[in-house]
Each structure stands twice: as C-alpha cells, then as structure tokens.
Amino acid sequence: MQWEVVIGLEIHTQLATQSKIFSGSATTFGSEPNTQASLVDLGMPGVLPVLNQEAVRMACMFGLAIDAEIGKRNVFARKNYFYPDLPKGYQISQMDLPIVGKGHLDIALEDGTIKRIGVTRAHLEEDAGKSLHEDFSGSTGIDLNRAGTPLLEIVSEPDMRSAKEAVAYVKAIHALVRYLGICDGNMAEGSLRCDCNVSIRPKGQAEFGTRCEIKNVNSFRFIERAINSEIQRQIDLIEDGGKVVQETRLYDPNKDETRSMRSKEEANDYRYFPDPDLLPVVIEDSFLDTIRAGLPELPPQKVERFQSQYGLSAYDANVLASSREQADYFEEVVKIGGDAKLAANWVMVELGSLLNKLGIEIDQAPVSAAHLGGMLLRIRDNTISGKIAKTVFEAMAAGEGDADSIISSRGLKQVTDTGAIDKMLDEMLAANADQVEQYRAADEAKRGKMFGFFVGQAMKASKGKANPGQVNQLLKAKLEG
Amino acid sequence: MHELTLAEIARGLADKSFSSEELTGALLARVKQIDPQINSFISVTEALALGQARAADARRAAGETGALLGAPIAHKDLFCTLGVRTSCGSKMLDNFKAPYDATVVAKLAEAGMVTLGKTNMDEFAMGSANESSHYGAVKNPWNLEHVPGGSSGGSAAAVAARLLPATTGTDTGGSIRQPAALTNLTGLKPTYGRVSRWGMIAYASSLDQGGPLARTAEDCALLLQGMAGFDAKDSTSIDEPVPDYSAGLNGSLQGLRIGLPKEYFGAGLDPRIAELVQASVKELEKLGAVVKEISLPNMQHAIPAYYVIAPAEASSNLSRFDGVRFGYRCEEPKDLTDLYKRSRGEGFGAEVQRRIMVGTYALSAGYYDAYYVKAQQIRRLIKNDFMAAFNDVDLILGPTTPNPAWKLGAKSSDPVAAYLEDVYTITANLAGLPGLSMPAGFVDGLPVGVQLLAPYFQEGRLLNVAHRYQQVTDWHTRAPNGF
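Those protein sequence lines, which keep their order, are chains A and B. Anchor point for the first sequence: position 64 equals 64 in our numbering, and the numbering is continuous, going up by one each time. For any residue, its number in our numbering is found by taking its place in the second sequence, counting from 1, and adding 481.
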C-alpha cells in the first residue's frame, strides 16, 4: 500500500519581552530557581494579571508577517487543569478569539519548489513553570521562573506531507521569528518547542487518518526523526491489521521511538472560559499601521532582492537569507569587499564549514564580516590569490588580526613582478626539461592535462605567491615557444 | 466612645477631644469584651492597631489632617493584609499570612486608618448567613439566635454591635447590602471597577466588588472616598475620576425620578417589608422625589444565571488552593492526586465544595453552551433591562431582602432556600451597577433594609438620597439591646 503522510504542527515560541506576559518579573533564562517569580507568578491569593503590551505588539508583528487576519477584539481564556508547576490551576491562554487568525508561510523544498503552508491561528498564552525531578530524592522541586513567560502558539494547517517538509516549515518559522526579533529561537533553552500531529492515509484517500500528537520536540533533527519513527510505527501498526488510536506521545531520542503518554480518554476537559480578570484586547488600526511600518525586510523579500540586486542564484539567495544574522553578515561583507558572488561563496562555503566544524552560529563567528570583506578586497586587487586567501582566512579565524596585517606579517603578498615570475619560470622549466619535451611532443588534448603540472610546479616554487593569471599567461607563451 | 460614627470620630480627633491611641485602646477593649457574644472577628490585630494609632497621632501632630486619619477600620478577612492571617473564613487559609496588602487595605492605611482586625465571613464569601465560616457562625446583635446575613456577616455584626463605626466588605451577589439590611446598617456596593480588586481574594471575579459598611450614608461616603479609584494592578478597574462624595450628600431630591420595579414587589416578599418599603418611598416623595412603576422583565432569571456564573468563576479561582505552595496541605499525601484530593477535600467546607462542583459542571465540555453561555446571555438581558429603565428614572428602589434575618441553622439544610434570599441584590452584580441598602424599619424586632440602585458611577446619588432620608428618619440610629 502507498501511504500518504499528513502533518500539522503547533509551535510554541517564547516571546522576547523583557518582562512576563501578566507580571513585571524578568524573563531571563537560567536564573536561580524561583528568583524571577513575583506574587502574580506564584498565583498568590488575591493577585490579578495585567497584560504586557509588548507581547501583544510582537504577536501582531508575527500576524502581519504571515499575512494573517489580526483578531481586532481578541479574548484571553482560562485553560483549567491541575499540575504543580501551574500555580493558579489554570493557564491564561486564548481559545475562541485568538490574536492572530488565518495566515500562511511559504517554504522552499529541496527540489527548489516553493510550497505554501497554511497557519490556522496563533494565540498568546503564559508558559508554566518547571518541575525538577532530578535534584530531589523522593520529592519534586518546582521552579516558577518560567511561569508567565509569554508564548505565541502557532498552529499550522495539516499541510505537510513529509518529515522534511515539517522541518522546512519549522525552520521557516524559526527564521521568521528571529527576523522579527520576537523570539531568540534558542531551541536548547526551550524558546521554540514543537508539537507534531502525525497521521497517515492510503494515497488518494480524502479523509484524514487518526492522528497522534508528539509533544514537545525541541530540535530540528529530533523533529525529523520523531516524525519519521512515528510514521513508521503507524504504517507497521496498520499493515499488521491494527488501528491507530488518538493519543499524545513522547519522543525518546535515545531509543529513536515515540511512546504513549496519554490517550484521548485520559485527556483533560480544560473547561475553557473567558478570563474575567482581563478585558478583551482591542487592537486599533493605528497600532497595526505603526507595527507594519516598522516591520523589517522578511525572508521572501530578501531572497528576491538578493537575486535582483546581487545577481545571486535562487539557491544561494535562499541559503543566505535563511537567517537574519547570516543575511546581515553577507551584506556587510559585500559592502566592504564589493563582489557579491565572491562574498556569497566565502560566506556559504569557507565560513559555513568553519562554523559547522566549531558548532556555532554566525553571530559568534570568529571572523568578522569586516575582516572577511577586507580580505576579499585583497583577492580582488590581486594582492593575494584565492588559495593564499584560505591561509589568510584561517589566520583571521585564529585571531591574528585583519587580512592586511596577516598578509604583511606572514609575507603572503602575491608576486606580480613579470620579471621575477619570468625568471622563476625559466628556472622551473629548466629543472623539468624532460616534461617540457614530452609536453611539446603531445597532442592538444594531453597538453591540457600536462599544463596543470607546470602551473603546480610554478606555484610550489613561488610558495603560492606568484599571481596565477600571470603564471598561466607567461607559461603558455614559454611552452608554446 | 464606641457609639461615635466615623464623621463624629473625625471631628473628635480633629478638635483633639481624644487621640487615636485612646480611641483605639477603648475599641480594642470593647472588641475583647463584646465580640465573644457575636463572633464577628477572626483576628484582632492589637499590636498593628496601636502602632498605626500612634503613627496617626504623630501625623496629626505634624499638621496633617484627613477625615480617616486615626479612625478605626476592620477588613473582611479576604482583603490581604501584610503579615496578618487572611483566612477567607476557611480552614484552607487558616495558616496563610498574606505577603502583601490589598489595594483597599493599603489605601486606607495610607489615609491613616487603624486596622483593628479581620472580620468573620462566609467561607470564600459563599453564603448569605455567615454560617459557612470555619471560625463559626456570626450572630446577629439584634437577636443572637438569628443570622446577620452574609457573606460580609462579621463586618456587619461588628458595626451593628458598636465595636467600631465602619468596616470593609465585599459584594458578589448582595454580600454587603444583605447583611447591612439584616443588621440595620447602610452598606454600599460600588460600580464594578470602582474599587480595586487587587489583593481581594476572588470568589467570582466578574461580580466581586469591595465597599463600605457603616451606620450612616455619611460614613459610607467617607469610607468609599478612601477606597475608590483606578488601580493599574487591576485590569478591570476603571479610570474614572472619584467625586467628593461627602460634598454631594446634601443635594436636593426635588424632581428625582424613582422607579419601583413591579417584579420587586411580587410573591415571596414579606408583606410587612413591602409596607416599610412603601413608607420609605413616602418619605422620599416628601423630599421632592417623583415615583413611578417600572419593569425589569428578566429579573426572574437572575438567580439561575448567577448560580451558574459565580460558581463557574469560583471553580477556576479556587483551583490555586491545591496544597502545593500555601494554605492547607493534608497529612502524609500518598501521591500528587492524593495531595490534591485530600488537601482540597479537607481544606474546603461543604458550601465551597458544592459551588466548585456546580461550576465545574457548568463549564464542562457538552454543558458549557447550555449553562455558561446561556447565563451570560441572561446577564446581558438583565443589563439591558436596567439601561432601558434608567432612561426613564434616576434611581431604582425596592426591598433589599424578601425576609428579615432568619434563625441560625434554619436554611442550612436547604441551600436553594438560602440562594433565594439574594433575589433582589444579585441583579446589580450581574449588571455591574452600584447599589446601597439603608435601614427602613423593623419586623418582629429585626431590621429591614431598602435598596437603592443607580446608573454606573452614580454612587454619589445613592449616598445623597440615603443621607437625605437619614436626615428625616431615625431607623439608622437605633441600636440593638445590650450593645
């Protein structure tokens, strides 16, 4: 049987506000337990929530960026359930009238096509605290620092058809919220978490199959693996004559499998109702106009501009625009170094593999955009060759300063004096007289290959510093002559 | 000294007839001596009171003035008071010392009021007889075998027994006006949003409103002046200027249009109360008011709507009392579920558990539309009735309660009979309107109250009418025997 996979995602993004959504407490990650928990966060008797306008502004930014309807009158509701890290016994969330309605986001697939993913809604809510099971034997600690941190929960339509598409969508959301500056996107710290709804159906069938929800997956890699292992589980189950049961599952990365957490029957009845402590949030058009005017350039526009302004390929433009930091870095390099294609190559290839090797992000890159741009200038004015540039780049990464000082301190300046190159080539050809003779006897096709040998020898003799263009030109003349 | 009203105390302190410390000492002694008969206090804060009294005397000596500077107050025991047990009349919070002051407590302390203690109340403000308190029933000073009303029963009984001139209360369905009526006091429930709810432990958030209880409208005006005002910490608080309530007390009633809703005078009302209400109308007519009959056709649905909305909100508001962070925790919980079940099962009394269950049911999947949504629709209709009525009249007048105070225990086995006692007061909470109850006579030696309702933020009009009425009547000056 041919199976079609159907995936919808709920992404929780922590909004990068200074203070919590309903209290004045700070939202800094990693502080001592319960040092960022005020009376409101503790759910003390008699306390009341006051909405943080900054969270509303950020949610509207997101809504406008995905071309969504904004809930002009949106309402906070209480989601009631008991859990020790939920101080009030209810979470303030949004149900019937969310702040962000239907919108959409385009994702680039690996084959170069663009797919539009629907966003059903996005709503504001408060995060819960954390239960700490490890540090206490026989009891559980509660840390309420995170309680009340603003979350924007972004719910997609079931529009994705593979784990790869799901990951592409999460990456697009990740890039977008970082572009907007509304979430730091730090998945390891839980700033962006994902619940994956997965079902399968026979190819061609219109109705959806029964879905399972995989809770709280927090890395791109785990999202892909969790979905794939869940797909396989469902296929195996059905092909063995079983049935998928609607339930919530957890992904165990160590075993690479999902396991049941609770069934639909065990699910809470959350008894949502409008929170009487908060008034409906009325969003004025003027508020939205101000936000719209202040929106940064977003990934789709940036990709388009990179192609038209810099003549980059669609692929290069997409890669460079995949994060705001990388795009900004690239443009800074171009501004100084001048050659966009050269800059794109260096940022994507050399810098990309360096970052990969170090396992860090571009905002921690050991080579600044200014230094890289400065080095490109030296490539372009023939001070150094592309090959020498790699040596200079490594030195810059090691913290030896900018390109000019490395070139001069290490004596890497390219030799462009025709007389000197001429002399060096004569010596080299004399030392390889046999090969010269073979070259001259060979036909055109063989000569092509053999020419490379002489270039290599020449560069070796000059310790890489001879200008490769000049070497080529002079060498050709000498060998033909 | 215990017979003085707030206004008289203000004059006495201003002309140095006595100091706040002297007054406070005398009243504390009286509380100790008298309160065991009526059980109106849960906590007496003697040290706090004497400290505040001395501080008030010092402020006055330094030239400060103010009607409330050095005057006594006691707070219903759901107003959080820093460092003081704030119990809500519940075993659940018997061990809870509030880590902060409610806005009302802070504002009155700022004005120089002296906190004598925390008054008894129905558990979590759920009740109209003050019999559901963990600290025992409060007795009505007018007849110790009768209830004082509730849920602000302790606040009412303490003032009626002349332990102090004024107290704070809260009113979710009548919990200020009904005990005021049953103990011969003047009690005011302000417009929803007029008084901050910060630090006022919630029963039903969309209905709860704090307000004053005192013997006279004049005293209610003084106290409301100190309590009212916008508070950024309460999102439902309304940023509307607070008028000078005392300055408006003597306004003329000439041409004042009073509406009598025919629904308030139907079956269920004790005819003797109906007569007293009509007598009060006659007095107001003598003062220049014009009276006409009006209709509030949806009033019959008010009690069912209230007993869906209030328990629904309460079921959620009371979820935080889970034995985890504060309040009562059961002994030796086996696991988390056991901790929740027994802490809540042992910490909450029967009426609170009943309302939590009713509210949980009303919000449940499959019932939400039939109960909660429907009740909210009724609420809108009731509000619309009032809006229409206030196009024609300036004030609505009727009985506060259908019956005078009943005997202790008489309705404890029949919750619905007790719920029906709220029939006239609940509509003002559902609509968010201000309402006042004032003394209007006696039936079998038990006080009877008349209720006045006004448009939003017209607390001044309520106080003006009650004050002018109290200038020509003496019901409010009568004291219970032995107090």
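These are computed hints drawn from the structure, not numbers from a lab. Treat the numbers as computed from the prediction; the structure is a model and nothing was measured. Each residue gets a CB set at the ideal place from its N, CA and C atoms; glycine is no exception. Just so you know, not all the hints are guaranteed correct.
Stated by the list, open to error - The calculated DSS-like cross-link candidates involving lysine-lysine, where the alpha carbons are at most 25 Å apart (straight line), are: (1) A:K264 <-> A:K302; (2) B:K855 <-> A:K79; (3) A:K264 <-> B:K714; (4) B:K743 <-> B:K714; (5) A:K423 <-> A:K341; (6) B:K714 <-> A:K72; (7) A:K302 <-> A:K387; (8) B:K743 <-> A:K79; (9) B:K822 <-> A:K79; (10) A:K130 <-> B:K855; (11) B:K815 <-> A:K130; (12) A:K243 <-> A:K102.
Stated by the list, open to error - Simulated coverage check for chain B against chain A, where a stretch passes if three residues somewhere in it have a Cβ under 8 Å from a Cβ of chain A: (13) 485 to 499; (14) 708 to 720; (15) 922 to 935.
Unmet hints by their number, sorted upward, for this structure: Failing hints, ascending: 1, 3, 4, 5, 7, 8, 10, 12, 13 and 15.
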